[in-house]
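So the sequence shown is residues 1 to 263, counted in our numbering.
Don't take each hint at face value.
To be verified - The calculated label-pair distances, taken between Cβ atoms and stated as ranges, are: (1) L190 <-> A70: 18 to 28 Å; (2) G171 <-> R38: 14 to 24 Å; (3) V166 <-> A60: 42 to 52 Å; (4) P196 <-> Y149: 14 to 24 Å; (5) A245 <-> E87: 21 to 31 Å; (6) Y149 <-> P233: 42 to 52 Å; (7) R238 <-> P17: 13 to 23 Å; (8) G26 <-> V136: 24 to 34 Å.
None of these hints come from the bench; they were simulated from the model.
For every residue, glycine included, the Cβ atom is placed at its ideal position computed from N, Cα and C.
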Amino acid sequence: MKTVGIIPARYGSTRFPGKPLVPIAGKPLLQHVIERCRQARRLADLVVATDDPRIAEVAARFCRVEMTRADHPSGTDRVAEVAEKLECEAVVNIQGDEPLVDPAVVDAVAGALESAEMSTAAAPLEQPEDYHNPNVVKVVVSLSGRALYFSRRPLPYLRDAADQPVPVQLGRFPFLRHVGLYGYRRATLLQLVRWPVSALEQAERLEQLRALEHDVAIAVVRVAHAGVGVDVPEDVARVEQLLAAAGNAADAAAVQPLSSVSP
């Protein structure tokens, strides 16, 4: 299956304008993402999808760039515009703000598309502060490895331990947090963006619920760690510390090694 990695990148982030181009350890953030994705073995090509010429100019030094419309409501829509032009069977939507993205996770999400229309990843939810954090999305998975539901609330509800402290609840069930990396069969992605926003998607503000409401099976690969993203300027120093601890950017995966990647 020919699979292409697509990195949507926009300049006008509300919390961090110009984020894709911010220097991290001497390189633009986006360059780190591109270089790590280049290590993935299942991607036949890598494309940056952007509507900003500043981002395009930098990204073109390292990979293919496709200019898109500026009015897309989401990164998924931007990825779909590019996917419609490509000759491929599948695409992986890679977050452009994760300079430590693990190539093994990209490969696992891509590989899951061999038997599913859509795929994503999840990691153990272990930190008490993440339990009630609505920005940390939770997912429950079937015995066959398919997503049952995603929510910003703790999921599932532990009836017999609901009055216990959060650390106790975390010890009672293997909670999973969603990792925002998506794989799509090309035809599925193009259909997904044509469907209107669904009721559950509107309620939770989670695009993947549109797919579930339309009975699209989402394979979930389990990984050891959720990764490290850059959401606000303060995150830059943290990522630079991780890169420094690893010795150099090429060895940054050693900071948070995946002990396993499984369907």
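Verification of the hints:
no., hint, in the structure
1, L190 <-> A70: 18 to 28 Å, "holds, 20 Å"
2, G171 <-> R38: 14 to 24 Å, "violated, 39 Å"
3, V166 <-> A60: 42 to 52 Å, "holds, 46 Å"
4, P196 <-> Y149: 14 to 24 Å, "holds, 20 Å"
5, A245 <-> E87: 21 to 31 Å, "violated, 41 Å"
6, Y149 <-> P233: 42 to 52 Å, "violated, 34 Å"
7, R238 <-> P17: 13 to 23 Å, "holds, 19 Å"
8, G26 <-> V136: 24 to 34 Å, "holds, 30 Å"
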